[in-house]
Amino acid sequence: MVCLLSASLTTAGVDACLGLFNADAPQCRQLTQRAEEQNTPVWNLHCKGRWDLSTFRSLIRFLRAERVDVVHTHGYKANVYGWVAARLAGCAIVATCHNWTERTSPLQFYARLDRLLLRRFDMVAAVSRGIVSQLRRAGIRKQTIRVISNGIDVARYQHITSATQHGPFVLGCISRLSKEKGVDVLLWALPKILRQYPTLQCVIAGEGVERDHLRILAETLGVSQQFHLPGFCDDTAQFLSRCTIMVQPSRMEAMPLAILEAMAAGKAIVASAVGEIPRLLDDGSAGCLVPPGKPELLADAIIALLSDAALRQDYEQRAQARAIAQFDVSAMTREYVRMYQAVSARRGTRVSVATRAGVSL
1 MVCLLSASLT TAGVDACLGL FNADAPQCRQ LTQRAEEQNT PVWNLHCKGR
51 WDLSTFRSLI RFLRAERVDV VHTHGYKANV YGWVAARLAG CAIVATCHNW
101 TERTSPLQFY ARLDRLLLRR FDMVAAVSRG IVSQLRRAGI RKQTIRVISN
151 GIDVARYQHI TSATQHGPFV LGCISRLSKE KGVDVLLWAL PKILRQYPTL
201 QCVIAGEGVE RDHLRILAET LGVSQQFHLP GFCDDTAQFL SRCTIMVQPS
251 RMEAMPLAIL EAMAAGKAIV ASAVGEIPRL LDDGSAGCLV PPGKPELLAD
301 AIIALLSDAA LRQDYEQRAQ ARAIAQFDVS AMTREYVRMY QAVSARRGTR
351 VSVATRAGVS L
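Just so you know, this note's numbering puts the end of the sequence shown at 361, numbered straight through with nothing missing.
Derived by calculation from the structure, the hints in this document are not laboratory data.
Please note that the accuracy of each hint is not assured.
What the hints assert, rightly or not - Pairs of lysine-lysine residues, derived as DSSO-like cross-links and limited to a Cα-Cα distance of at most 30 Å, are as follows:
no. : residue 1 : residue 2
1   : Lys294    : Lys192
2   : Lys179    : Lys192
3   : Lys179    : Lys294
What the hints assert, rightly or not - Restraint-style ranges between C-beta atoms, simulated for each label pair:
no. : residue 1 : residue 2 : range
4   : His159    : Gln38     : 41 to 47 Å
5   : Leu113    : Pro168    : 45 to 51 Å
6   : Asp52     : Ala304    : 49 to 55 Å
7   : Arg61     : Leu311    : 57 to 63 Å
8   : Arg346    : His213    : 47 to 53 Å
9   : His213    : Ala65     : 45 to 51 Å
10  : Asn22     : Ala155    : 42 to 48 Å
11  : Arg50     : Ser285    : 19 to 25 Å
12  : Leu311    : Arg112    : 25 to 31 Å
13  : Arg334    : Pro291    : 34 to 40 Å
14  : Arg112    : Asp212    : 27 to 33 Å
15  : Asp234    : Arg50     : 47 to 53 Å
16  : Gly284    : Asn22     : 24 to 30 Å
17  : Arg67     : Gln38     : 45 to 51 Å
In this text, a Cβ means the ideal position worked out from N, Cα and C, and glycines have one as well.
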């Protein structure tokens, strides 16, 4: 999202720069490459360890030298570095809150720190109404919160060639391999689906801590030949072109970009009714909603779509039309520009934005 937003901001007339922690590190190479392809300036923040005083100093010097008006951060680490540097450099500071995941003790600590820090930001964008509730419970003032839905480059996905039905059906899922994403729920549903469609293939694009557990579970369920974990997805448009149905079996979710991409690509979608997913899918009009954590119901919904081409096509058309009308990047960009203008106006400056993205902690 940060690369797309930075490029779109530039098109909208905002002087945007993308800052990345250790941009030459393997986990950041794709972001760096994508930003360069979009002609977005990338500033590499060399950071040794979680907290590096030299990185704070370097960032402060950069903000002052470039006369940056607004710093925009994403994630725990970026929020800490960005807030300290912005305050010392005299910049406005805003953040986008995507979700808080706190399953391990270190993450619980950083989430608590993040909650305290966000109270002192000039403004915070929440990608969903559920995130707004979390922010309010964390003590963040209502007047500093804005709901800004994620957006995508709809045109990039709009003309994807549909998966041919001459070959086997393909269930696709783009997801981090973590417990809350519910990939194991899809795995438990797979044996029932395969009894009716034995040549079907299920492909999960993504990485995460659950990879080994999912492989073992696939072997235990006897579906390892039909269940594939190819790793991180470099090209979601190409991946979606192979899919018959896009599945999002999350136990919890904010506003998943993967569903927006599948909608723009005109894919039939089966997803858990959690977070903002019901709103994205127009309460089931633009995709099939199922209760989270229910493999039997998930299997039934997928089988119903596989067995009814007309129903699939109806969902495909409704999903794509909704993505075009509601979730193009231009709408998201307009909202962020308004936010930047609001916080910079308090300082009597024009908008020249440094959009910063932190690596996951």
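| query | Which hints, by number, does the structure contradict? | reply | 4, 10, 11, 12, 15, 16, 17
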